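Enquirer: Residue strings, one per chain:
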Amino acid sequence: MIKFSDITKRYPDGTLALHQVDIEINPGEFVFIVGPSGAGKTTLIKLLIREELPTSGSVFFEQQEVNKLRAKELPFLRRQIGVVFQDFKLLAMRTVFENVSLALEVFGKRSEDVKEMVEKVIGMVGLSQKIHSFPYQLSGGEKQRVSIARALVHNPKVLIADEPTAEVDPGLTWSIIDILNKINLAGTTVIVATHDPDIVNTLKRRVIGLDTGHVVKDNREGSYEF
Amino acid sequence: MSFNVRAPNFLKSAWLQISRDKGLTLATVLVMTLTLFITSIFAVVSLTANSVLGYLEGRPQITVFFKNDFAEDKILSVERDLKNQANVASVNYISKEDAFKFYLGEHKNEQNLIESVSSDIFPPALEIKAQKISDLETIAAKMSKSEGVDEVIFFRDVINTFKSWVDASRIIGLSLISVLAFISLFIILITVGMTIRSRSEEIEIMKLLGATDDYIRLPFLTQGFLYGLVSGFLSTLVLLVLSLLALGKIGIILRGIPVPPFLQFVVIVSISQIFLGIILGMFGAWLSTKRYLRI
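For the protein sequence lines, the chains are A and B, in the order given.
Letter by letter, the first sequence follows residues 4 to 229 of our numbering.
Letter by letter, the second sequence follows residues 1019 to 1313 of our numbering.
Next up, chain A with everything else stripped away, as it sits in the complex (with noise of 0.2 angstroms):
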């Protein structure tokens, strides 16, 4: 189980990402997190993984206080999530397959170890041609899909996408909404951060809303509308 309790983030420049927010995802959920730019959708994922801190409140990830974790704690916190990130976060030096394996290789796996279980999620996504391109081979809708498959790779109970469609062609949005439906029916809790009306509105899960800041909305099988 996921917890939001009571959290307030001001940013040391003064903006108030988000403010008493109380939010819990339940095991296996699939959740639409909506909202315009600077809503705090991106702030919610980045207090879960522990990339940022509160300034108050708490947020739990099963039985641990995540805010409350020690260092050495951290890196187990995260190999349970997963998380495409919208500025996607690929290491230019690596191919697609090394940016893919590196979420392996951080537990201490050998790249070639792994081999067959990287390569069968870079399929899923699409990218098998481009398996030994670099990044800056890539259009950005392919750079998504190896953040996608690497956030995959590890089979994390949670995955995060944050605007996994942004840069994404039309015709490839639904092939990756696709992946996330069939990895939420494989047990894994899945959060979309979007705003695109399109997909919240065809997939109807639960939808929270988030405005300066402030939880405006909760609804299971929501649409994108406030």
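Be a bit skeptical, because a hint or two may be false.
Below, a list of computed lysine-lysine pairs in the BS3-like style, where the Cα atoms sit at most 25 angstroms apart [stated by the list, open to error]:
hint, chain 1, residue 1, chain 2, residue 2
1, B, Lys1114, A, Lys75
2, A, Lys133, A, Lys123
3, B, Lys1119, B, Lys1092
4, A, Lys71, B, Lys1308
5, B, Lys1030, A, Lys118
6, A, Lys92, B, Lys1030
7, A, Lys112, B, Lys1030
8, A, Lys133, B, Lys1030
9, A, Lys118, A, Lys92
Selected chain A positions facing chain B (in silico; Cβ < 8 angstroms) [claimed, not checked]:
hint, residue
10, Pro78
11, Arg82
12, Lys92
13, Leu105
To be clear, the hints were calculated from the coordinates, so they are not data collected in a lab.
Since this is a predicted model, take the numbers as computed values, not measurements.
Backbone N, C-alpha and C define an ideal beta-carbon position, used for all residues, glycine too.
For this one, chain A is given, so just place chain B on it according to the hints.
Expert: Relative to chain A, chain B alone:
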């Protein structure tokens, strides 16, 4: 070089880091090699000097020559008196005949030096070793006033000069080594630090993917290890070549003094400096990870 042959990830990363900036790598290895080489030269010289000093200190330190007509039983009486003194370690009587035999042995191939020489011209003598070098002067002064003594010679000045030279060279050597070791550490800190900075984005991503601090730190420690290992080997290579060239000259420099186990010293120092290089490299890299990775 390719690491497709199942090298561990940290070794691949370390190699990539080293090969990315060849100029910096070269500068680091050269400074470390210089540090280790100078350290090893001082170590070999110091070991050799200690060995020579040990030999000199073990030699008779005072030789008392008696007048030719001074009776042997009186000399033997002086010997007995000396043996009872607390500041005397040993006393050895060299008769005129003993001195003559020693002379013959020393010049057996030089007939012109042996001809017309008899034992009469060699004065009888006592060779005395003191418990401490500081006792030499007291013993020598006392002996020079004794009856029948013709001349007293002692090696205090030679030993003391040599000792102070060894001490001074040790101080200069240690100071120089300290400065060079500090420079080496500093350059490793900067080199590894620059690598860390150039990989900061990669490190941030690895952390977000769940990499532990040790996983992130290991390639940098390996980088320091490799710098130390390569520098240690390079320094050893130069030291071995120079030692082999110097080997023949040592006997000439140390005229009359038995040649110390010079090559044995070189081997001990070579092995030590490889370990020293590795420790220096890894310590510098560890300091750098502490400073720049903040882990």
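Enquirer: Evaluate each hint against the coordinates.
Expert: Here is what the structure says about each hint:
1. Restraint check for lysine 1114 of chain B and lysine 75 of chain A: the C-alpha separation of about 84 angstroms exceeds 25 angstroms, so the hint is violated.
2. Our distance criterion of 25 angstroms between C-alpha atoms is met by lysine 133 of chain A and lysine 123 of chain A, whose separation comes to about 13 angstroms.
3. With a C-alpha separation of about 22 angstroms, the suggested pairing of lysine 1119 of chain B with lysine 1092 of chain B holds against the 25 angstroms cut-off.
4. Distance check on the hinted pair: lysine 71 of chain A and lysine 1308 of chain B sit about 23 angstroms apart at the alpha-carbon level, within 25 angstroms; holds.
5. The hinted pair formed by lysine 1030 of chain B and lysine 118 of chain A meets the criterion: a straight-line CA distance of about 17 angstroms does not exceed 25 angstroms.
6. For the proposed pair lysine 92 of chain A and lysine 1030 of chain B, the alpha carbon gap of about 21 angstroms is at most 25 angstroms, so the pair holds.
7. For the suggested pair lysine 112 of chain A and lysine 1030 of chain B, the alpha carbons sit about 13 angstroms apart, so the restraint of at most 25 angstroms is met.
8. The hinted pair formed by lysine 133 of chain A and lysine 1030 of chain B meets the criterion: a straight-line CA distance of about 23 angstroms does not exceed 25 angstroms.
9. Restraint check for lysine 118 of chain A and lysine 92 of chain A: the C-alpha separation of about 21 angstroms stays at or below 25 angstroms, so the hint holds.
10. Proximity of proline 78 of chain A to chain B holds as hinted, the smallest CB-CB distance being about 5 angstroms (cut-off 8 angstroms).
11. Of the supplied interface hints, the one on arginine 82 of chain A holds, with its beta-carbon coming within about 4 angstroms of a beta-carbon of chain B, less than 8 angstroms.
12. Annotation: interface hint on lysine 92 of chain A holds; nearest CB of chain B at approximately 5 angstroms, less than 8 angstroms.
13. Checking leucine 105 of chain A against chain B by beta carbon gives a least distance of about 6 angstroms; that is within 8 angstroms, so the hint holds.
The earlier numbered hint that this structure contradicts is number 1, and it is the only one.
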